[in-house]
Structures are given as structure tokens and as C-alpha cells.
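Visitor: Position chains B and C against the provided structure of chain A, taking the given hints into account.
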Amino acid sequence: MNTLTERQKLAYIAGQAAEARINVELETEGMTLNIGPQHPATHGTLRVVAKLDGEQVVSANPVMGYMHRGYEKLTEVRTYPQVTTLVNRIDWLGSFANEVPFILAAEQLMEVEAPPRAQWIRTILFELSRIANVALFLGDMGVQLGAITPVFYAFRDREYVLNLIESATGGRFHPNFDRIGGIKDDLPKGWIEETRGVMVKVRRFCDELEELILGNPIFAARTRGVGVIPGETALHYGLSGANLRASGVDWDLRRDGASPLAWNQVDWKVWTHPDGDSFARYWVRLQETREASYIVEKLLDGLPSGPIMAKVPRIIKVPQGEAWVSTENPLGEMGYYVVSKGDLGPFRVKIRSASFNNISIVPWVLKGVYVPDIITILASLYFILGDIDR
Amino acid sequence: MVGTPEVDHARQHLIDVLRAELGAGLIDTYLKPGLDVWARVSPDAWCRAAEVCRDKLHMRYFCFLSAVDWLPSPFGKSEDGVSRTGDEVRALTAANLAEGLDHGYCGGDTRFQLIARLHSVTTHLGIHLKMDVSDSDLTAPSWIRAFAGANWHEREVHEMFGIVFTGHPNMANLYLPGDFVGHPLRKDFPLLAREVKPWPGLVDVEPMPGEPAGEEDGEVSGEEA
Amino acid sequence: MIAVALSDYWVQTAIKTGVVLAVIPTAALILGYVFLLKMMSHMQSRLGPMEAGPHGLLQLVADGLKFIQKEDLFPDRADRFVFAAAPLVVLCSTFLLYVVVPAGPTLIVEDLSTGVFYALAVSSISVLGVLMAGWASANKYSLMGGLRAAGQLIAYELPMVLAVVGVVIQAGTLSLQGIVTSQANGEIFGIGLIGNPFILTQFVGFAIFLMATQAELTQPPFDMPVAESEIVGGYQVEYTGFRFLIFFIGEFGTAFVFAGIAATLFLGGWYVPGLDLDGGFLSNLIGPGVLFAKIMLVAFLIFWVRFTYPRLREDQLQTFAWKYLIPISLLNILATAVLKVVL
Chain A
-17 MNTLTERQKL
-7 AYIAGQAAEA
3 RINVELETEG
13 MTLNIGPQHP
23 ATHGTLRVVA
33 KLDGEQVVSA
43 NPVMGYMHRG
53 YEKLTEVRTY
63 PQVTTLVNRI
73 DWLGSFANEV
83 PFILAAEQLM
93 EVEAPPRAQW
103 IRTILFELSR
113 IANVALFLGD
123 MGVQLGAITP
133 VFYAFRDREY
143 VLNLIESATG
153 GRFHPNFDRI
163 GGIKDDLPKG
173 WIEETRGVMV
183 KVRRFCDELE
193 ELILGNPIFA
203 ARTRGVGVIP
213 GETALHYGLS
223 GANLRASGVD
233 WDLRRDGASP
243 LAWNQVDWKV
253 WTHPDGDSFA
263 RYWVRLQETR
273 EASYIVEKLL
283 DGLPSGPIMA
293 KVPRIIKVPQ
303 GEAWVSTENP
313 LGEMGYYVVS
323 KGDLGPFRVK
333 IRSASFNNIS
343 IVPWVLKGVY
353 VPDIITILAS
363 LYFILGDIDR
Chain B
86 MVGTPEVDHA
96 RQHLIDVLRA
106 ELGAGLIDTY
116 LKPGLDVWAR
126 VSPDAWCRAA
136 EVCRDKLHMR
146 YFCFLSAVDW
156 LPSPFGKSED
166 GVSRTGDEVR
176 ALTAANLAEG
186 LDHGYCGGDT
196 RFQLIARLHS
206 VTTHLGIHLK
216 MDVSDSDLTA
226 PSWIRAFAGA
236 NWHEREVHEM
246 FGIVFTGHPN
256 MANLYLPGDF
266 VGHPLRKDFP
276 LLAREVKPWP
286 GLVDVEPMPG
296 EPAGEEDGEV
306 SGEEA
Chain C
117 MIAVALSDYW
127 VQTAIKTGVV
137 LAVIPTAALI
147 LGYVFLLKMM
157 SHMQSRLGPM
167 EAGPHGLLQL
177 VADGLKFIQK
187 EDLFPDRADR
197 FVFAAAPLVV
207 LCSTFLLYVV
217 VPAGPTLIVE
227 DLSTGVFYAL
237 AVSSISVLGV
247 LMAGWASANK
257 YSLMGGLRAA
267 GQLIAYELPM
277 VLAVVGVVIQ
287 AGTLSLQGIV
297 TSQANGEIFG
307 IGLIGNPFIL
317 TQFVGFAIFL
327 MATQAELTQP
337 PFDMPVAESE
347 IVGGYQVEYT
357 GFRFLIFFIG
367 EFGTAFVFAG
377 IAATLFLGGW
387 YVPGLDLDGG
397 FLSNLIGPGV
407 LFAKIMLVAF
417 LIFWVRFTYP
427 RLREDQLQTF
437 AWKYLIPISL
447 LNILATAVLK
457 VVL
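Protein chains in written order, with the numbering used here: chain A, -17 to 372; chain B, 86 to 310; chain C, 117 to 459.
Just chain A, with the same shape it has in the complex:
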């Protein structure tokens, strides 16, 4: 543009304006706004190309791939135990939850079953990573809407949970703790009492946020009726997890799936909300975090004793076959479709991550909203970039 003459510039601008004219009646001009890849509201490198008419969105298209790491290809050159290191980094806030379905799929193919104590500890760690993951959302949603304080409370209380995960597994973010046939180690001494204490703190944190955010009239004004997704649309787009339950669909793989993990052994409640708006999504996640703390406590009460590893060969070869296992991860349904040819490593792994489907509804749901609502809706759908890009 710098080399163009003034006249050419004007012609160019006029041409652009004519093309971009969207609202003919008011003679306003459209504008294309790039939100991201570097933008505070995109938790990483999601880019949303929004065509605007004033402050209203005409169309919005997410552009991804800035962080695509090709995990599906990488799994093909790794052995089964090595894959867990990779999948840990898919949803990096709830890492342990990523390992579980893959290990379960391998166990299903090998027809191995982990002993009960291992399953219970898996479930406990699974729920702890749910708390660690969703706590960040609960605070972050405030930041996206301009309230900067809640996120610090979230960081404070998430720290306790991360400490628990660290002392049990040795890894704060990426435990890599799940093994085919069981888990790596038993729980350390005193861990159970400590966990009980932290669960009380988690509930206090939930109460705090309930007052600070859910009880705030401005928060309600910003989120109620914003980004409404009807249940049927959500299903067709493959939304899962809290996003689906906030649209009134009562489906939770922890309760409804045939998982060998210990969720079915204790009493707990699946929370749903009929509204399907951003407020409902926040509400459901808050209730689920509190419920997760109850689940952990009940699991600790009934934790069986016994071995933590089933008998598996030192070098693992998985028999030929195909298996699909999915679990209710913090972000939604996370599943692995594993194709084995009887080798040391999988032949093909399809990683079905929750955020990919959850975010695929964005073009539909952003149509016609105002610019500030883009942020509200993206935040309330809650995605992790690693979970989209894999």
C-alpha cells in the first residue's frame, strides 16, 4: 500500500467499502476483526475472524491449528505406555483425566482389569483433576467479564488440589501416573486426611464464587440469555460435558457410561440447567465442582484395600482389535478410538477431544451477537487450546 498513489489508495478503500457494505439501509460499512491468535480472551492461540456490522457480529469463524502437534500421528510411532506422556498434554489443566480413557481402551483390548483399589484411586485423581481444571474456568470467566479478583481465589484454591496431585503422583501438571493394569504407586501416607481438608476448602471456594459471581447482578445481566444453545442443536454439534448439561440434556458418562471406574459405586448427583445460556454453563460447572468434592470424599470413605496393579507383562503387546473408550472429562466427552494390530504400539488412535466439538458450534452461536458477547460465549463454552488442536 505504501507505494500506491493517493488516488489508488482512495479507489482501493472505496472498493473495499463497497464490498464490505452489509447494512445497506443505514449505509454502514462492515469491518473484519481478527480476535486472536494473540488475544487475552482466547486462552492460547485460537483465532476468531469476525465480520462485524458496527458492534454486531455478521459471521464468525474460528481458525485453529496454531498449536497442532499431530498427536494422532505421533501415537503411531510410540508404544502404549509412551502414549500417556503425549495425551497428558491434550487438556493440560486436567492431565490425569486424559490418560484414563486411553489406558482403559488398551486394557479393554488386552482384557486386563485393574484391581479395585487402583480403579478407586484413578477415580479420585480423575475428580481432583476435574476440580483443578474447572476451578480455573470459574475464576477465568470473571476475568473475561472484567472482574479480576475471582481468578486469584481460583489460583489460590487450585494450588491445594495441585499439591495433592503432586504428592500422590509426583507430577503437578502432567502426572503420567496411569499404567495399563493399574497405577504407578499407592497413595502416600497422610494423603487421605490432607485431601479431606482440601475438599472442605474447595467447597468454601465454591460458596465464595457463588456469592461473588453468580450473585452479582452485572454478571447475570451479561450472561443470562447470551449464547443460548438449545439441547437438540448441542447434540447435533456433539457438544458434551457441562455445555450439554447446561442445555438441559441429562447425560453424564460418569453415570451413564459403562466405565470400570468407581463412579457407580458412590452416590452423587448430575446437575443440569434448562436455559442453555452462558449463565447456565457457569452454574452447572460450579455445581459440578462442588459435587466433585463430595465424590472425592465418598470415594475416600469407601477406598478398598488391596493391590494396585494387575498382572501384566513387562513389555506390553496389545492384541489385534479396535476399542473405543470415552470418559466424562472436565471439558466434556474425551475418547480414544484405538486400532491395534497386535504390535507394541497402536496402529491408529483417533483422539476425540471435547473442546474440538464444543467449539465447532461457535460459528452458529456467535451469529448476530455483540462484540462483548463473543468473549462471554467463548469463555462460557470453556475450551483448552491443546484440546482443540491436539
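Treat the hints as calculated values from the structure; they're not laboratory data. From the three backbone atoms N, C-alpha and C, an ideal C-beta is built for every residue, glycine too. One or more of the hints may lead you astray.
Beyond 12 Å from chain A on every Cβ pair, some chain C residues (computed) [as the list claims (entries may be wrong)]:
no., residue
1, ILE146
2, LEU259
3, VAL454
Okay, derived cross-link-like pairs now, DSBU-like style, lysine-lysine, Cα gap no bigger than 35 Å in a straight line [what the hints assert, rightly or not]:
no., chain 1, residue 1, chain 2, residue 2
4, A, LYS171, A, LYS33
5, A, LYS299, B, LYS117
6, C, LYS456, C, LYS439
7, C, LYS256, C, LYS186
8, A, LYS33, C, LYS456
9, A, LYS251, A, LYS171
10, A, LYS332, A, LYS166
11, A, LYS349, C, LYS456
12, B, LYS117, A, LYS251
13, A, LYS183, C, LYS154
14, B, LYS117, A, LYS323
15, A, LYS332, A, LYS33
16, A, LYS332, B, LYS141
17, B, LYS141, A, LYS251
18, A, LYS280, A, LYS293
19, A, LYS33, C, LYS439
20, A, LYS171, B, LYS117
21, A, LYS299, A, LYS323
22, B, LYS117, A, LYS280
23, A, LYS280, A, LYS166
24, B, LYS117, A, LYS349
25, C, LYS182, C, LYS132
26, A, LYS332, A, LYS349
27, A, LYS349, B, LYS141
28, A, LYS299, A, LYS171
29, A, LYS332, A, LYS299
30, C, LYS439, C, LYS256
31, B, LYS141, A, LYS323
32, A, LYS251, A, LYS280
33, C, LYS186, C, LYS132
34, A, LYS183, A, LYS251
35, C, LYS256, C, LYS182
36, A, LYS280, A, LYS183
37, A, LYS183, A, LYS171
38, A, LYS349, C, LYS439
39, A, LYS166, B, LYS117
40, A, LYS299, A, LYS55
Guide: Relative to the frame of chain A, chains B and C by itself:
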């Protein structure tokens, strides 16, 4: 897995309904009692199968759609650190193809197969649908009319496997840059990181400190025996 | 000899300008340190900066030095002159506001007889600066921020003026010094013990004034123009180095002076019972301290809200101003006027 019923009536029902609706469109089925069900349908019946599952079997939840390249990788697990030239790879690929491919459940006739999963949030049953993608033109009908969420999954399959979906409004790359050449998830697409540097840890048989080197191998052979 | 050569007028003007120029950065530093760094951190269960100076006291000085060292960047397509002038225009508005706030019986730069309306008028100049910044940055986010800011500042100028009208009716003067005097001499129900800080009789006005102040300062819940999670700082997005520093000083300097105006209008200004109203040395000595304490009290309220609330959307923000604040302040004026005549 414990107490798996030998006959899974609920899942058998899915197969029966599909067979009644699709007729010859349903090529093969596979049932793991208590776990899952697979069905291979012909390309003509692919969209119809989705609609039947959605309307007749209450499977309104779209889980995923992907593809499998059944060609054995000409690179193996890249553990030998041998770099192969393009000609060698092509020769290996042709040899593998000539040998005949070993398909998974429900069999198959072509190198590429689509696989999709639908699930019901009311009956809690799911189904895997498979479809052969003809080797000559690599096209498949799009599911976008049945499930809006298939949009991005089909774009991903398109860029990763090179399969074109007819009826898809925007077959642009999703993850890869627009000018990317090749289809990364095809088995004959090299993983460059492995070509540059062999993976040291495919089988971790390095002796532990203080352990005689031979012990490790003995244990392995013992387990396998 | 120089003193003779220069007339009294020029010496006085130079001193006054110097004082105001010194007060603005100091005020910004104090507010920034006490509220932004420390109060916010402690409210968020963390310590905040602790290393630079005792308890992190010098952190903002260090930050300021850092800003000054930075390269002076202009965006490629920016309108360079307007881009450079915009922060100065904003600072100018802040500077002019300090002129009329009394800190003691004679400690005032210029006791204008139309003080209140002068203050509200010059505070609007910052809109110009914000619009200039938004437009000249050649950035879509800036432009949106600038336009939002203009819409918001105009919308909230009105309730602010209307909230002050009640005070003016009660005091019977537009001069800020006169308003302080009338509060000091006032009586409530015949009891003149503590005077009559107008917050008691004009509480509605005080509340509306604070809300409008919050909006004028573009702070949460009215920070849509700068919303950092959304339009990434709005009109400030392209500013770096000392130009950003000027915006920062402008923002906090304005917060300080608005708190000062609120303290003067509603909390009795520099006066506490026991002080001499007529310009005694003691009054001039203690007055600034009293005013400062009251400013900090008002600023605490402003910043407390800032750190707690999420932000309103642009349309909700306009609705709030036009449908709620303005009618309520009109009713307040009506009630005040009627009572003034009746009593």
C-alpha cells in the same frame, strides 16, 4: 467387562433396525457383547445410515468422524533409524497394497475407511459406522445435513487423509496451513522428526543402574513364553 | 533582583503550575501504589510487589523509569501528530481539573466563582484525547475503544452534572471554596455541630456522582472502552513507553482529583470542625491533610468497586445512564429545589 452377557439384545436390536432400514446397504456388522457395535455400510447408504441412527435409534449425539489408513506403515515404527528415499517408500507401499490389507472389525475392501461414532443420550448405546472410500476417487458423501457438527470433522479428515466430501460447503484446511502439501495421517507420509533422529526409546530395555544387562531380556522372554 | 524583574503575577503562576505539575504524578503514584498494587493484591490474597523498596514502595517508580527507557514506537499507519498529542490532551484535562480544588482556606490555585461547572467542563476534554488516540492508532481495537469511550463519557457527563446541581442548590454557590464554607456553616435540623456535609442530605447525588465518576474514569463496571479481555485496552492498545505512562498518570491523576471533587462537594472538603475557616496558618497546614484523608476514603470506594465487579455491556451501560441515573438525578434536583424553597 465383568459379567458380560453372551447375547447383547439391546445392541443386537440396533443391528436389526439398521438391516431392516438399509437392506443391502449394510455390508457387515460386528458386535462385542456389552461393549460396542460396529457396522460397515456402503457409500450409497452412508448418509441414510446416519439418518436412521438419528431418527430411528435416538442417536442424536454426534461423537466423531474420522478415517483410518489401513496401509501398514512403510516406515514401521521408525525405530531402526534407516532413512528411506521416496522411491523405496513408494515401492514398499505398492508391495503392501499388492499383499492385501488387513482390515479391522467388519472387514473392508479399500485402503481408506471412514469411521464415525454416534451415540444416544437416552438409551446410552452407541454405534460405530464404517464406510469404504473408493481408492480411485477418494470421495465420500458429507454428513453435514444430518449432523451439523460433522463440518469440522470432515474438514480434518480432508486435510489429514485427502478424502473429499461431496456436499460439504467449505473443504478448506482446518489445522494445516493453506499451502501445505501432503496428507499427514496417511501411513506413507513420513514423520520427519523420526527421519532426522531415530526414536531412542521405542522399547525401554536399558539396564537399570546396578542391574546386570542380561536380566531385562530374560524377564521379557519369560513373560512372552 | 529577579523577583523585582518578574511581576508578582508571573511568580505566582509559575509556582502554581509547578505545584500542580508535581501533585499530579505524586497523586498517581500514591493511588497506584496504595490501591492498584497493595489493596488489590491483599484483596486477592496475594502480596503484590515486595522487592523494590520497603514493601514494594518504589515499584511504580521503577515501572516509570522502565517506561521512560523504552523505545518510542509509532504504529506504521498511525497519524503521528494526533497519536503523539492524544495522551497530552488527556493529561491536560487532568491538569486543568486540579486548578479549582481547594486544599485549605487560601490553598487553591484559582477560586473560580463557577468552579463546579468549570471542573465538569474541562473533564470532558479527555474525551477528545481518547477519541484522538482511538482514531490515530490505526487499529480496529483502538477505534472501537475510542468510540465506546466517547459514547460512554458523553452519556455519563449528564448524570454527573445533574448530581452536582443538588449540591449547588443547597450551597447557593458554584464556587468550590464556597461549597466547603457552606458545608462548614450548615446545620441539619438546627444542629450545627459538624456542619452539614452534603453527603447527609444529598446522598443520592453522592451515589450518582460516584457512579458517573467510575464511568468517566472508565473503570469497572464501566470499563467497556478499555476492556482488556476483549478489546485489549481499547484506545491504549498501541501506546507503549512513556506515552503509555502519560495515559497511566492521567488515569490515576484524574481518579485522584475526581475523588477530591467528590470529597469537596459531599464530605466537606478540607474542613473538619475546629478549623478556622478564614485562612489561618493552621487551617492551611491541616487542610490538605484532611482533604487527602477524605480523598483516600472516596478513592477506596472507587477502587474497591473496580476490583470487584464485572463490566457492563455497552448497551446495558447506556441504558443504565439514560434510564436510571438521569431520571433519578432529575428527581433528586426536584426534591432538593422544593425543599429549599419550602424550608
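Visitor: All hints, please: hold or fail.
Guide: Outcome of the hint check:
1. ILE146: 21 Å, holds
2. LEU259: 9 Å, violated
3. VAL454: VAL454 (chain C) is indeed farther than 12 Å from all Cβ atoms of chain A, at 32 Å.
4. A:LYS171 with A:LYS33: Given that 35 Å is the threshold and the Cα spacing comes to 57 Å, the pair is violated.
5. A:LYS299 with B:LYS117: 21 Å, holds
6. C:LYS456 with C:LYS439: 26 Å, holds
7. C:LYS256 with C:LYS186: Judged against 35 Å, a Cα distance of about 24 Å means the pair holds.
8. A:LYS33 with C:LYS456: Between LYS33 (chain A) and LYS456 (chain C) the Cα gap is close to 55 Å, so the pair fails against 35 Å, i.e. violated.
9. A:LYS251 with A:LYS171: Satisfied, since the Cα-Cα distance of roughly 30 Å is no more than 35 Å.
10. A:LYS332 with A:LYS166: At roughly 25 Å apart (the allowed maximum being 35 Å), LYS166 (chain A) and LYS332 (chain A) satisfy the hint.
11. A:LYS349 with C:LYS456: 54 Å, violated
12. B:LYS117 with A:LYS251: 30 Å, holds
13. A:LYS183 with C:LYS154: Judged against 35 Å, a Cα distance of about 25 Å means the pair holds.
14. B:LYS117 with A:LYS323: 17 Å, holds
15. A:LYS332 with A:LYS33: 33 Å, holds
16. A:LYS332 with B:LYS141: Holds, at roughly 27 Å.
17. B:LYS141 with A:LYS251: 30 Å, holds
18. A:LYS280 with A:LYS293: Within the cut-off at roughly 28 Å; holds.
19. A:LYS33 with C:LYS439: Cα-Cα ~31 Å, so holds.
20. A:LYS171 with B:LYS117: Violated, at about 41 Å.
21. A:LYS299 with A:LYS323: With a Cα-Cα distance of about 9 Å, the restraint between LYS299 (chain A) and LYS323 (chain A) holds, given a limit of 35 Å.
22. B:LYS117 with A:LYS280: Measuring from Cα to Cα gives roughly 33 Å; hence the hint holds.
23. A:LYS280 with A:LYS166: Holds, at roughly 23 Å.
24. B:LYS117 with A:LYS349: 43 Å, violated
25. C:LYS182 with C:LYS132: Within the cut-off at roughly 29 Å; holds.
26. A:LYS332 with A:LYS349: 31 Å, holds
27. A:LYS349 with B:LYS141: 31 Å, holds
28. A:LYS299 with A:LYS171: 34 Å, holds
29. A:LYS332 with A:LYS299: 19 Å, holds
30. C:LYS439 with C:LYS256: Cα-Cα ~30 Å, so holds.
31. B:LYS141 with A:LYS323: OK: LYS141 (chain B) and LYS323 (chain A) at ~34 Å, within 35 Å.
32. A:LYS251 with A:LYS280: Since the Cα atoms of LYS251 (chain A) and LYS280 (chain A) sit roughly 13 Å apart, the hinted pair holds (cutoff 35 Å).
33. C:LYS186 with C:LYS132: Since the Cα atoms of LYS186 (chain C) and LYS132 (chain C) sit roughly 31 Å apart, the hinted pair holds (cutoff 35 Å).
34. A:LYS183 with A:LYS251: With a Cα-Cα distance of about 20 Å, the restraint between LYS183 (chain A) and LYS251 (chain A) holds, given a limit of 35 Å.
35. C:LYS256 with C:LYS182: Given that 35 Å is the threshold and the Cα spacing comes to 28 Å, the pair holds.
36. A:LYS280 with A:LYS183: 16 Å, holds
37. A:LYS183 with A:LYS171: 20 Å, holds
38. A:LYS349 with C:LYS439: 28 Å, holds
39. A:LYS166 with B:LYS117: Measuring from Cα to Cα gives roughly 30 Å; hence the hint holds.
40. A:LYS299 with A:LYS55: At roughly 19 Å apart (the allowed maximum being 35 Å), LYS55 (chain A) and LYS299 (chain A) satisfy the hint.
Of the numbered hints given earlier, the model fails hints 2, 4, 8, 11, 20 and 24; all others are met.
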